[in-house]
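K.L.:
As a plain string of letters, each chain reads:
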Amino acid sequence: MQRNMLFNLGSVNDIPLGQGRCFIVKGEEIAVFRSRNGDISAIENKCPHREGPLAEGMMGNGLVVCPLHGHKFDLGTGQGSEHNECIQIYNVLLQHGEMILEFPCEIFNQKKENNASECLTL
Amino acid sequence: MKKRLVVIGNGMAAARVVEEILKRRRDAFEIVMFGAEPYGNYNRILLSNVLNQSQEAAAIMMNPLSWYEENGIKLHAGVKALHIDRENQIVLGKRLPNGVAAYLPIEKSFPEGSAVREAYDFLIIATGSRPFVPPIEGFGGQGTFLFRTIDDCQQIAQYAKDCQRAIVIGGGLLGLEAARGLITHDLDVTVVEAAPQLMPAQLDLEAAQLLKRAMETMGLRVALDTITSQITYRDDKVSGVAFKNGTQMETDMLVVSAGIRPITEVAVDCGLKVNKGIVCDDQMKTSDPKIFAVGECVEHRGVLYGLVDPIWQQAVVLAEVITECGRDAVYEGSKVGTKLKVMGVELASFGEKNPSESTDEVIVYRDPNRGIYKKLIVADNKIKGGILLGDIEMADDLMPMFMNGTKVPENRAEILFGAVSGETLLDVNDLPDSAQICNCNGVCKRQIVDVIKNEQRTSVSAIGEVTKAGKGCGSCRGLIAQIIEATIGKVSYDPREHYYVAGIPLEKSLLVREIKNREMKSVSTVFAQLADGIEDAGSKNGLASLLKIMWPKEYEDERDARFINDRVHANIQKDGSFSVVPRIFGGVTSPDELLRIAQAAVKYHVKMVKITGGQRIDLLGVKKADLPAIWKDIGMPSGHAYTKAFRTCKSCVGTDFCRYGVGDAISMAQKIEMRFQGLECPHKVKMAASGCPRNCAESYVKDVGIVAIEGDQWEIYIGGAAGSIVRKGDLLTTVNTHDDVLCIVGRFLQYYREHGKYLERTYGFVERVGMDILKAILIKDTLGICSQLDERIQEAVNAFKDPWKEAETPAYAHQFDGPQLVEVVGEVNNNG
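Just so you know, the protein sequences line up as chains R and W, in that order. This note's numbering applies: residue 1 is where the first sequence begins, and numbers increase by one. This note's numbering applies: residue 1001 is where the second sequence begins, and numbers increase by one.
You may find that some hints are simply not true.
[What the hints assert, rightly or not] Footprint (simulated), chain R over chain W, 3 or more residues, beta carbon under 8 Å:
id, stretch
1, 1536–1548
2, 1551–1560
[Stated by the list, open to error] Some chain W residues near chain R, calculated using beta-carbon distances under 7 Å:
id, residue
3, PRO1628
4, TYR1812
5, VAL1822
Since the hints were derived computationally from the structure, they do not count as laboratory data. Bear in mind that the values here come from a model prediction, so they are computed numbers and not experimental data. All C-beta atoms, glycine included, are put in the ideal place defined by N, C-alpha and C.
So here's chain W without its partners, still in its complex pose (with noise of 0.2 Å):
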């Protein structure tokens, strides 16, 4: 029989440890949550976003409620827990009143029937905490709040629209958070602190001046050694306050934020040892081995922590501990160290911010008037502590260090600058094996390790087979790299890397060599020519690109070597539906073809009709066997949204009707559009077309981007990118009509077409080459070949044809047919 979990708290640790729990044994407990909230439970570190607006409480919602239901999880919403009856394992909760804060204790009573009682095999406690309210009179009535819930921020939100002044007391990180919330709201803001600086947790009194310099800049009033004594009301709303300096201010609103406590009530009332938290050993156990805790509410090794990552450590090693995969699971506690943004300033702040030893040697750099200060404590060449104020970039590098003991170089400016060379300073031999090295997929040093000893895989890519590490941004494959050769002495080179696809063992010029010689014109022909006749599945694509690039009008289709969405010429999503997005030249279109567009999304029940970024319009959720009769209800051609092709040109209003434009973007997008549409490239080009630099269209970050300047010139950048990468295009040449445009950005994409690698972006491709030769190449025609490549992507456009005119006429029999149904004909032994 399944053991009964119950949980007490719906926030973040409790969500959290809940999940890890399922990840590691989904059937193992039958589960039941007490949230006093009546939510599920949500991103607490996104709520000074729901002040100030930029989101909507919905939206930092993590688990909805959907969720507990999916997962067979019991939610008591609205319910607090407040008796552990630990004889007879039961919890006793009862229904919050309306208007209650979760987090204010009640008075533990049951009236008749109001109990809520849930018997448990083990127990966990992740109560979290609540706001700490200093000891100042009259705090309470109407205008004074508490900043911790969704609740608090939209009384705030609400009572805000009718003040002009407020007053936050506490000046720590939560303070600052609910004053630039309230300074959304067009309120006058002051920040009362009782400590000589802001964010004493986190800075030193330096960076906390540089920090007050710049919110004072922002508009916000900061009052530091400043002690609230006593709020004043006039007709019961809240009219200001008296500091024990004698001193008063007036106000319209006020609201504490100074700092939090963990809430212990239910664990002390049933005598489970406490101090300042909940103790836990290093399992998670309290002092009752059936009963565990997780999160703020919680004091590990006379500790409490409030920042997330050592609260998801903790989670892990109680789910591990709970379900018995890992029963010799530790938490021996947390370095911590944030990185955050406080009202637009950015900071990194990590242990010690001040040196404890006379020994200790501080590390300094000050440049005040762009606001930066890096500070690091350094002992035994390791990090103590650090502030970066303003300046943050050398972060990512110096938290690790810190958290993992690493040693830092023996030049201290690169701690604070950087490796001269710009090379990380992390060295994965310092490393410890539990460090994730790919942040994608997950993947820790020690897997990688086991990898190449166990299985003698020495290459990136072989390691990146086996584990997906390095698979997904690819930016750990350095990293990958050093642990190699750190564990064998040299990282072997695959030459698979460097072939065009897999299944040819040929790097992309010979192979193109190969293919002209032989004439081969088609997918199968290629295998069979170059590769046994065996036909490797992943590598058809690829050949399938380049033969139709190198034979466009006698390149012989093969449709089996097209990915399914470009044998139907639509993108297929995750149920398996399809996309459709029409071609919508230069994002302009007309009341005609919306209409026809609408008809046909109600026709065909598109399950959402969304407006993509390369300005078209997304149906989405189309069944395959019904692509044929949309595509001519809407009557346009494709918008190419499925393939390794040109897709897009976006444009501004140009001068058509901006104030500002130089250029006529809108017609140049749609000759751009109309001249190259559906051209096959070696991965997606998207491309922009702005009608001068103040760049709308986004010109500066497309494969291909044109934007107008003065004096009837056009400026073409090439290698731009706005995706997993970002990255500036580079100027290749300015040109002074839409047809010099139209001519060099052909060229290069057929330059483009002929020398990249399959699955190689413009901005690798540029990258790779490099611009000055691009520009040798393809303007001062160094190599003469300019005429050929004009010549050749002419070819190309001159072979287009419209795919969703197969519409008409599949390619194929069946090429659109859903799963087709079929009957039983008999019934034998299966060797009869």
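Pulled out of the complex, with its shape left as it was, chain R reads as follows (with noise of 0.2 Å):
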């Protein structure tokens, strides 16, 4: 059965509509956007071709755009434009008009393991 850390990240209006914002969880980036719509959705925020941040990209459907080389992801699955690129995408709740981002313990656990020194935040 898979465990998730909850996080709030506060308020939707903290994110102005149509752009993203980055989140720091547990050591991870991660970038939070609100389309026009109000679609809330999160991915890593690290674009695997040169690390660029994808919470400063544009977005519009469903997508966002990497502001450094322009490399696409989609919101909803990860899946990028190139070919082998595919980002983690997380579950956001609204509750109430905050968000909880829920985090999944197994990919802390595994970055735990890379790193044995991060156990002293637990």
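Since each chain comes alone in its own frame, lean on the hints to assemble the complex.
P.N.:
Below you can see the structure in the form of structure tokens.
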């Protein structure tokens, strides 16, 4: 059974319409977007190409465009426009206008194995 | 477990083959390299620049020592491999004593503890070559040099300081390069060549004579048919040479550069097959299947290569084979040709220099007055060889035709001077599948044909979407169209290429009409009304720019329609930090401004302070969250160095200080910047104002360039460029006053704003519309719209606000926020 850690990202109104913002969750950078029709989506912030900050990208029609070299990513699936580029997506719940991010413990534990010193933050 | 790969050598070929291997399989091998020189590897082609001091030694390094570390390569720098124990698969090396040239043979002995041992599963020999020293009595004393390594160059440059005369032995390419280097040290240089001509490997006698004349006019002496027999010394320093013909010549120093020979001792020593070079098969394997070789030390099908192109090809095949990415890869030899510059004279040479069969055609053009000579050998309508001297423009067509065995035009004059139609002689049908079509993105013909056939892509832009071909500089788009035509008979026309932006199916004039009729003032309205509400991210920027131009005052600014640079008024860098460039009107600043900039740079830990090409100062590496504060501290307006808008106006010192200035260029430039700062345009616009036609501010190659001429007049040039495209601007008109300049420039800018395609620079715009038409509309007012253009540009100027004022009042909440830290609030099962 998958367990999730929950994070409160604050009010949806803190993300300007049609833009993204970057949050740091357990040391992971996560880009959260609010489309003009109200959809909230969350993806990992780093473009797999050259680590461009996706939260600064322009979005539209369910895609975000990396500001560095224009690689595109589907906000719903994480699938990139380039072969073999796919990024992690996260689930966001809306509760009374607040955004609650579900962060799979599994991902955190993997990172922990990769970097033992991070255990201290638990 | 990883296999161990040992590479003997650390020159260009060795580093290249390792790069090719890492590119294919990053983690396949544990790599160890032996480099006899104590450096990372460097570009030997540029050594003469180190000698003539136009480049520092550090500047020609290709892979610094950190590259080896980053890629997990163990480099034994300064260690020479001396013995290969093939039975036990071990290489033995020894540290080279100080001051011993890397290419010299040294004794194969390993005093106690001195041996460096490395076991291998596979071994690559890339020992390169050493300078050839002809049998001259007395060579090696003080003041005699070879020319092969960075150390050689440094020693030559050092010694030359106390000399007046130098002799270079060898009149080949390298010898002339060495001579060029010595002339820059103010020496009286004589080149001595044993053959009856210069550059016997590349030139025929006639071209060589022409080259000799050109060299002599530059102050070089040349002695041909002259063999050096002995070097004479005075006080242990070289003092002269004696020639075989009985004559003598005095000199203060002597450089031998008489060709190269492959370094093969380590291969001979362990019993590999060696003729002139280390013998390799078509997979770059030596006679021992565990041992490969690559580069100048290799003999392949009886041929040795000393140029980079064939060696790069060898490196690719070797990497394919050793990583098993392409087990069947073969190297079948290379046809070689070179383009080079000898002491400023351009030269191209490929294939045979002289006809070998009685049926070979020889086509020659001579223009001795201008130092031009062109000669081609043609057989069976194919090029067998050629020499171009003085004018090598055709080389870019002819060398690929020679390499690929392409048929030449019936009209042989076209081979020498290009097709009458001005089109390229290259026919894609004749190119092999492996020929590279897009040089920017490395796409070959086969990849393009595959996409046409398998994915039914039939327009140039559709092929670009899949392969990236034609997406760099764009110069290959004609060739791509030819390939489509050859493959399926017809190039399809992609209407999207003519849309103003991809997401709205309208060409610019139709889009403008719709926007006006429906009074659409925001990007989201345009999407809602013209694109069924589908917001294409890539189209937002272009629409925002257009709406701002059309409705300077009423435009509804939606910040999500802006690229990040335009949201935070700074240019995003590759690490996600930003650059800050304050406006410095006309390039004139003050001590106060400089102090504030310097203090801000220190306070915000700016990573680099860089003087830009536009006469401004760039502070690089600023955090997004620090932008408002740094702008406030600097207290200057934005320089707009991040956006599709008017950027800057360079100037020279005009009449204020310059002895030659005929017009006040500084205040001209300042007025231009003051008036047009931040003005949105289809693309960036760079300007310059020069105080005289000497053009120190480079006005002729700016989008808009102003040049003062005698008689208190100003010339206005438009459509100049000096980026990926270099184009001299066209003269639009000549006017009398600063105010006239501001008026005409504004009028042109407004016309460009209204009619330019998004991301179309002025050089493309001017060529597309045509200068005659622009002059008619903007100067003669044939359409009667000048006064309207003038009014609308004034409106746009009036609407200007310095975006850095948003430091005080942000346009929206969190505009400049960096990443935000959040804490865990709970833990649940995913369905709980």
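K.L.:
Next step is simple, just say for each hint if it's right about the structure.
P.N.:
Results of checking the hints against the structure:
no., hint, result
1, 1536–1548, "holds (count 6)"
2, 1551–1560, "holds (count 3)"
3, PRO1628, "violated (16 Å)"
4, TYR1812, "holds (5 Å)"
5, VAL1822, "holds (5 Å)"
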